[in-house]
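Please put together the full structure from these sequences, using the hints given.
These protein sequence lines are chains A and B, in that order.
Residues 2 to 152 in the numbering used here are what the first sequence spells out, letter by letter.
Residues 2 to 152 in the numbering used here are what the second sequence spells out, letter by letter.
Check before you lean on any hint, since a few could be wrong.
Repeated chains share a single entry, so a pair holds when one copy, or any two copies, can fit it.
[Claimed, not checked] Derived pair list, reagent style DSS-like, types lysine-lysine, alpha-carbon separation capped at 30 Å: (1) Lys-35 / Lys-130; (2) Lys-44 / Lys-90; (3) Lys-33 / Lys-84; (4) Lys-44 / Lys-33; (5) Lys-49 / Lys-83; (6) Lys-33 / Lys-144; (7) Lys-90 / Lys-35; (8) Lys-56 / Lys-130; (9) Lys-90 / Lys-144; (10) Lys-60 / Lys-44; (11) Lys-90 / Lys-56; (12) Lys-60 / Lys-83; (13) Lys-84 / Lys-60; (14) Lys-130 / Lys-144; (15) Lys-90 / Lys-60; (16) Lys-44 / Lys-144; (17) Lys-144 / Lys-60.
Calculated from the structure, these hints are not laboratory results.
What follows is the residue order along each chain.
Number of protein chains: 2
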Amino acid sequence: MKLMKVVMIALPILAAAMPALAERAYSPEEQKNKEIVLDFYQKALNDKDFEAASKYLGKYIQHNPLAADGPEGLRGFIEFLKKTYPHSKSEITRVMVDGNYVILRVHAIREPGDRGSAIVDIFRVENNKIEEHWDSVQPIPEKSANTNTMF
Amino acid sequence: MKLMKVVMIALPILAAAMPALAERAYSPEEQKNKEIVLDFYQKALNDKDFEAASKYLGKYIQHNPLAADGPEGLRGFIEFLKKTYPHSKSEITRVMVDGNYVILRVHAIREPGDRGSAIVDIFRVENNKIEEHWDSVQPIPEKSANTNTMF
Numbered sequence: 002m003k004l005m006k007v008v009m010i011a012l013p014i015l016a017a018a019m020p021a022l023a024e025r026a027y028s029p030e031e032q033k034n035k036e037i038v039l040d041f042y043q044k045a046l047n048d049k050d051f052e053a054a055s056k057y058l059g060k061y062i063q064h065n066p067l068a069a070d071g072p073e074g075l076r077g078f079i080e081f082l083k084k085t086y087p088h089s090k091s092e093i094t095r096v097m098v099d100g101n102y103v104i105l106r107v108h109a110i111r112e113p114g115d116r117g118s119a120i121v122d123i124f125r126v127e128n129n130k131i132e133e134h135w136d137s138v139q140p141i142p143e144k145s146a147n148t149n150t151m152f
Numbered sequence: 002m003k004l005m006k007v008v009m010i011a012l013p014i015l016a017a018a019m020p021a022l023a024e025r026a027y028s029p030e031e032q033k034n035k036e037i038v039l040d041f042y043q044k045a046l047n048d049k050d051f052e053a054a055s056k057y058l059g060k061y062i063q064h065n066p067l068a069a070d071g072p073e074g075l076r077g078f079i080e081f082l083k084k085t086y087p088h089s090k091s092e093i094t095r096v097m098v099d100g101n102y103v104i105l106r107v108h109a110i111r112e113p114g115d116r117g118s119a120i121v122d123i124f125r126v127e128n129n130k131i132e133e134h135w136d137s138v139q140p141i142p143e144k145s146a147n148t149n150t151m152f
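Shown next, in the form of structure tokens:
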């Protein structure tokens with residue numbers, strides 16, 4: 002009975018401390034890639050600080066059709082944000098990692114109170130540098146056929 | 002010298018047979034999740050065969066604002082595609098896996114010759130069933146600030 006009691010007390014504590022069973026353990030390199038992208042994203046999109054963000058950039062091959070290739074393309078985008086949407090915010094709602102790829106689900110708002118856009122960003126990291134970026138940006142429509150939100 | 006010759010012949014063959022170093026080895030469950038999503042996507046989006054696609058569906062919590070929740074939402078979407086865009090095609094250009102998540106980069110074309118849309122689909126698979134879906138769909142613009150395409 003005593004053992005049973007210990008188990009009944011300890012199990013929920015253990016369960017709360019452990020990641021959900023569905024989550025896999027990242028390799029140290031994957032963990033590092035995730036941290037690089039999360040810090041880069043915060044510096045670039047929310048702090049709008051090109052100097053701080055650009056230290057993470059390698060070649061930065063750009064697949065977003067609105068941005069030029071390389072770090073200079075990011076500089077231009079951050080300048081545009083600072084000037085046109087200084088209060089814009091990008092909230093990461095989900096992070097996935099597959100080796101060198103870090104994938105972010107993001108809710109981006111240009112002006113406070115906007116519905117905003119539902120974005121997926123894909124970054125490829127190599128040797129601790131962000132080498133490539135793809136994304137899809139979809140404005141959130143006013144009405145939805147379900148009640149789950151886009152996030 | 003003989004050993005060196007063997008190595009020099011064998012190395013390129015081995016290199017060609019192995020995945021790139023950057024790719025990580027998926028667990029058997031991740032490999033299965035990937036296969037499920039790829040077959041589901043082909044059956045649903047290209048074959049437009051709801052019966053074949055729906056065998057993979059669990060609850061199918063839907064975050065695409067145009068589709069109703071659950072398998073019935075997919076049925077409605079496939080019927081819409083068959084009727085309105087019978088020649089639509091979805092080409093997967095990149096596949097990423099993180100545990101229960103399978104992420105697809107997709108080039109979707111509704112009519113042959115269209116520029117089409119750049120999509121990211123995210124699926125959550127649990128016990129061999131697709132339980133949840135998120136996406137962002139962006140029409141490909143006519144002009145781009147870089148020459149890399151969106152894929």
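field: Numbers of the earlier hints that this structure fails to satisfy, in rising order
entry: 3, 6
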